[in-house]
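*Asks:* Each chain, written out:
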Amino acid sequence: MGIKWDEFFITGDPLILGSQIAIVLTMLGIVAGLTYLKRWKWLWREWLTTVDHKRIGIMYIISAVLMFFRGGMDGLLMKAQTSRPEMEFLTAQHYNEIFTTHGVIMILFMAMPFLIGLMNVVIPLQIGARDVAFPQLNALSFWLFFSGAMLFNVSFVIGGSPDAGWTSYFPLAGKEFSPGIGNNYYAVALQIAGIGTLLSGINFVVTILKMRTKGMTLMRMPMFSWTTLVTSIIIVAAFPIFTVALGLMTFDRLYGTHFFTLSGGGLDMLWANLFWLWGHPEVYIVALPAFGIFSEVIATFSRKSLFGYKSMVVSIVGIALLSMLVWVHHFYTMGAGAAVNSVFSITTMLIAVPTGVKMFNWLFTMRHGRIRTTTAMLWALAFVPCFVIGGVTGVMLAMGAADYQYHNTLFLVAHFHYVLIPGVVFAVFAGLYYWWPKMFGFLLNERLGKWHFWLFVIGFNVTFMPMFFLGLKGAVRRSYTFSVESGFSNLFLVSALGSVILAAGFAVFCYNIYWSLRHADRNITGDPWHARTLEWATASPVQPYNFAKLPVVDKLDAFWHMKKSDSPELTLQQTEIEEIHMPNNSGLPFVMGIIFGIAGFLLVFEWHLAAAVAAIGIFACLIVRSFDYNDGYHIHKAEVEQTEQAWRLREGEVNRYVG
Amino acid sequence: MSAKAYGTSSLPLEYQSEQSRMNILGFWIFLGAEIVLFATLFGVYGVLYERYAGGPTHQDIIMIREVMIQTMLLLTSSFTCGVAIHEMRRGSLKGLLTWLVITLLLGAGFLYMEINEFMHYVHEGATMQTSAFLSSFFVLLGTHGLHVTFGILWAIMVIIQLLQRGLTPVTARKTFIIGLYWHFLDVVWIFIFTFVYLKGMVS
Ligand code: HEM
Ligand SMILES: [Cu+2]
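Protein sequences, first through last, are from chains A and B. Per our numbering, the very first residue in the first sequence carries number 35; after that it's consecutive. Per our numbering, the very first residue in the second sequence carries number 16; after that it's consecutive.
Please note that a few of the clues may not be correct.
[To be verified] Incomplete in silico selection of chain B near chain A, CB under 7 Å:
(1) M37
(2) I44
(3) F45
(4) A48
(5) V51
(6) L52
(7) R105
(8) G106
(9) G140
(10) M143
(11) M172
(12) G181
[Unchecked claim] To spell it out: a stretch of chain B is covered by chain A in this simulated footprint if at least three of its residues, at any positions, have a beta carbon under 8 Å from a beta carbon of chain A; those stretches are:
(13) 53–62
(14) 129–136
I should point out that these hints are in silico values taken from the structure, not numbers from a laboratory. Because the structure is a prediction, the values reported are computed rather than measured. Cβ coordinates follow ideal geometry from the N, Cα and C atoms, glycine included.
Using the sequences and the hints given, assemble the complete structure.
*Replies:* Okay, structure coming up:
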């Protein structure tokens, strides 16, 4: 075991002590608050046991925002540390831990859950369905993600954080060079969250293939549904690789096998290959849905249908296929030789082609459109140039020979932030402003939204643009400090100042949520943006059963055309109302999440027996589930009628008032 | 959500409700993920299989006679599993149960032999920690073995439900799905037998 009890809680660092106190206080605060407001029952009934895709989506998004905060704090700490030469704010070890947790949290616990959250909220609505294919499995996906994320996050106060980078390359990540338990957290927590993601992937493939409403052929699906379908397929194809890689890492670290070790015939670069065989598709797992969001937002606010729909679909599928064939570009310096590097250079550069097609499609969608610069649309507009910078520098990096120069420098770090922040963060912000009324029944404040937008976009560019030049001058990544003689000081300082502006943008965003919760106008229609797709054809916030009658579709942008032609699809006759079947809530996914978390925690500390005992609980849950023949319940006609009347009436009134 | 109840009676029992059809499709997709998982393990094995690190090689340890018997057991179990599903389609609960139990017994026999085989290797000093070859060997085979174990436990649960409820669209679907799973494990074994054992014997 080799666990030293006096090292169980991390002590001695004032920053960490501060966080520990903050965590304990926050938890006490939450418990006290719930008890005081008598909200425990409510929490359990409405949220922890819910199988409603919209609520699950909201829980994903809340978690993702919290994780964004955590990952962002990490980013700021790093920027503070490198703001001046020879700064003594973080130690080298602490810096290592922070860039590792920052990378992991941002990609796996912020970007992915944010997007999966939006998918959860939107996809069933967009395809005119009443839920996902497997609602309870969907809840399990969420709780596994949540459990993995929490497990990963406690690492910095209990036991120590992983410190081998978000890629955790061997041999560094192995037991020989990282004997502590930090990297066990990486192996175990990501495994748990990864299982959840895989289940989500399966769920969405079946949902989209099987549950589209009548008339919605694949080629009449909104673009976000398309990207979700393809993303889910990539998840199913790529995540098992990560499962195996993490499993083997666990074996190496916990049970002394020799997959990636230097001794016993292991091969360290095997890890790098497996990691990126999953890791590069992962980049597209977060990028494609983001492209989908931009497609919806741009079409809605240009008031035109998406330009080049078919070529969009072909590009998405093309990107998905190519994404599996480029993984070696992450380690050209491995020494695989000129031929191998050339092949992967070419496949990598090829990705620029379908991506370019998409760019032009968005531009042509806007051309001659009557553009409304709402906050959501602003994010989409800023995305275009910023992402192009990320893409072009990506093509620079794609050239194997040239990469020997850029490799491991801040040039690369700047590149992927220019891809991930415009490509994912701008997208989730756009999506959040856009779909917020669908989730909560009020808009986020547009004025504050614009402050959020400008601060964030300016801060982002000021932070990361200097990093390109730092990298070209030779500043390496993952280095906790630099000397005065290096001449890097000014650029690093500018970059650090940029991150403060960025943080201010995020603060405005949080304030916007608070402000809108308290003051925003609740009298909005189901369709506040005059949008084009089916999710807007029902109430905001959406009633539990989504649609009283499932809409029938006969073309792309169906809702738009229904509005234009005053289609009977939009009204509801008494005779059309029927009982609606709904799945029951279940506490099982939540309980399984907890057991997974406990078992994982014990495994991290290498208490194998205890972990095995906890794992029995997982099997017990599976058995309970297998014997569960609960078939759900029905919402009665009268109740449907009441709900429908309420929102349709209000809709009419708001429309009359606005008109 | 099962909007439509059991209606389209021309279809086999397990395909009759919309929810069942979705479950079966979902399971096929899950099997797709399983294929990727095993393909990765095979890939790892393919990279490491000659890295003996001074430890035992294939020829030193493999007990081909035992492995042949294991293979026969598992292949037969796949056949009996097919018969079981056939009986189910004919509507014979008794036939289904009989053949299912035979299938599981064969599976248990396979597992018993595999565990013995592993113990033998360990006694010979060929453990998971000995070399990269053995690490990948044990993890690939162990993953398959775990799948079989899990399959047996799972099938027992399904059998209990069949006894409790008889053949309904839901129990039929569950049986059908475990059948798919069982055949899948058989296919994986064929690959293991070919690429690990046979290839190991001749290399
Ligand atoms: C929001 C403001 C952000 C700031 C200030 C920031 C800052 C940084 C810094 C300073 C580094 C380490 C540079 C080094 O020394 O190597 C870094 C690394 C990284 N960042 Fe960010 N970042 C931000 C957002 C994001 C986002 C949104 C993502 C992903 C969706 C992301 C993903 C990563 C990854 C994967 C790494 C590499 C970690 C490693 O080296 O293992 N970052 N970031
Ligand atoms: Cu890549």
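*Asks:* List in ascending order the numbers of the hints, as given earlier, that are violated by the structure.
*Replies:* Result: hints 7, 8, 9, 12, 14 break, sorted rising.
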